[in-house]
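Undergrad: Residue strings, one per chain:
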Amino acid sequence: MNRQSRFVISVLSFGYAFLYVPLILVIVYSFNDSRIATIWGGFSTRWYGELLRNDQILDAALLSLTIAATSATGATILGTMAGLVLARFGRFKGRTLFAGMISSPMVMPEVITGLSLLLLFVTLQQLTGWPAQRGFSTITIAHTTFSMAYVAVIVQSRLVAMDESLEEAAMDLGGRPLRVVFDITLPLIAPAMVAGWLLSFTLSLDDLVIASFVSGPGSTTLPMYIFSKVKLGVSPDINALATIIIVTVSIGVAIAWLVGRHVNKPR
Amino acid sequence: MSAVSSKRDQVWRNIAVATPYLWLLVFFLAPFAIILKISLADPVIAQPPFTPTFDDQGRIAASVDSFRFLLTDKLYAITYVRSVVMAAAATILCLALGFPMAYGIARSSASVRSLLLLLIVLPFWISFLLRVYAWMGLMNNYGVINNFLMWLGVIDSPIQIMYTDFAVFVGLAYSYLPFMILPLYATLERMDISLVEAAQDLGASRTRAFWDVTWPLAKPGVIAGCLLVFIPAMGEYVIPYLLGGPESLLIGRVLFDEFFVNRDWPLASAVAIVLLILLVVPIVLLQRYQARDQENTA
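Residue numbers (the working numbering), protein chains in the order written: chain A, 337 to 603; chain B, -14 to 283.
Just chain A, with the same shape it has in the complex (with noise of 0.2 angstroms):
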């Protein structure tokens, strides 16, 4: 193969240091048996203990949980037929509006959309009377909404890359477009639907910043209670649950990547 030169390669093992060894020093402290967090005070696994016996931590995992299904599940589906528009529909009135409205949530700062989205529902309220109440169904909303745009994208981008003759052979044969999309398009486009939820939902669960612009009085997500402990400092059960999700989250990763690369050798 290429040689790389020294500058690449040192390069490269200090990015990969700098994005990773932050990671692993919080997994290292969630061991830690003191309460100050940055002292070491011998190997312990009491903080995750401590995590399992912590409803408010369980009760915001839960809410955000549900959340993060249902706005992916919302967020699948409008961004499929999106996606499904702006691929195979050709021109129509308000293309490029839609286009637009398409691509902008996703490049929004977090404030801006958290802001107008909580005005939305206040003015909503006002003119309606709903929503009475702002909480699972607000963050939900907003959510599903930035969520869809990325849905969208990887669901036009696989429509793109495809080639159109199934479809075209199909209708050929007398199918009607509709049973066509069922039969033909939505098969095909089943791997990016699920990326596209997988995202969606990991997206949901990490957003702390428009959840707290539109959530409510006792509607307290995951991240907005992770939030409101480390705006104090580091704290060590915030070091476990940090730990749980780090490595899940590689697990999984871990898994998609070696399933993927199985599927993808060339045989």
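For the record, the hints were derived by calculation from the structure and aren't laboratory data.
Incorrect hints may have been included.
Claimed, not checked - Result set (DSS-like, lysine-lysine): computed pairs, CA atoms no more than 30 angstroms apart in a straight line:
no.	chain 1	residue 1	chain 2	residue 2
1	A	K429	B	K59
2	B	K59	A	K567
3	B	K22	B	K59
4	B	K204	A	K429
Said to hold, decoys possible - Here are the simulated distance ranges between beta carbons:
no.	chain 1	residue 1	chain 2	residue 2	range
5	B	A3	A	W466	15 to 23 angstroms
6	A	W466	B	W196	55 to 63 angstroms
7	B	A3	A	Y352	26 to 34 angstroms
8	A	G465	B	E232	41 to 49 angstroms
Each residue gets a CB set at the ideal place from its N, CA and C atoms; glycine is no exception.
Using the hints provided, position chain B relative to the given structure of chain A.
TA: Below, chain B alone, put in the same frame as chain A:
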């Protein structure tokens, strides 16, 4: 095909367009009109805390006081400038680190490459908040970096790293580095390496070949990567809050505090509008790049 069934298909087609379209109109576009409307109201102590758009006689009651306040109070101008400088500095560090990394990944052997890429993407799936949090334990006065430096004997007493602009700068670069590497990798991987070899065969030095061949070809990736780091960094709230000090204010945090602490909704809306105006050019540039990229790969 019978007329009836094609009519039914047309109905389904319209539903497929209308559903996501309406959703985005209501939950994405309409909110911006509302931000604009509220930025032109006056704050009052009420629920909700701003004056109505129409007064008792049904006349439009718009006021530009919030914008006037933004323009006259130096704090806001300084904060906007600080945000631009900070986001630009983080973008430059990401580019300086990300370019050689993307180059190295693109030139490595196929089996190593997919693992290296995986390690770039992995942080995306780990909570952003927790990755920022990880730096708190590092940069603390009694954190890993200070302990390490004292152990080496470089310093006698802890130096202040947390709650400084430097901490925010490092935090921004750390969090957004993958956003820089991925588009850079995509362009560098597509690049024809024989062009560089040809330049070197014709007598160009390594540096010369880089600046005359590699860099111009990599430019679309450089632009996309820089915009993908700069735009979100401009509005960042979590990083300046957790790692920055009370005086390292960035505009995202000012907006948040104006809204939640001072409960001045019109002013927060005005701050958002001005931030959006500052970001219109980079956002449009990025969208144009991405549209072109999508055509190229198709």
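Undergrad: Hints first: check each against the structure and report whether it holds.
TA: Here's how the hints hold up against the structure:
With a C-alpha separation of about 45 angstroms, the suggested pair K429 of chain A and K59 of chain B falls outside the 30 angstroms cut-off, and the hint is violated. A C-alpha spacing of about 28 angstroms is found between K59 of chain B and K567 of chain A, which places the hinted pair at or below 30 angstroms, so the restraint holds. The hinted pair formed by K22 of chain B and K59 of chain B meets the criterion: a straight-line CA distance of about 24 angstroms does not exceed 30 angstroms. For a cut-off of 30 angstroms, the pair hint linking K204 of chain B to K429 of chain A is broken: about 34 angstroms separates their Cα positions.
A beta carbon spacing of about 21 angstroms between A3 of chain B and W466 of chain A agrees with the range 15 to 23 angstroms that was offered as a hint. At roughly 59 angstroms, the beta-carbon separation of W466 of chain A and W196 of chain B lies within the given 55 to 63 angstroms, and the hint holds. Between A3 of chain B and Y352 of chain A the beta carbons are some 47 angstroms apart, a value that contradicts the proposed interval 26 to 34 angstroms. At roughly 44 angstroms, the beta-carbon separation of G465 of chain A and E232 of chain B lies within the given 41 to 49 angstroms, and the hint holds.
Violated hints, in rising order: 1, 4 and 7; the structure is consistent with all others.
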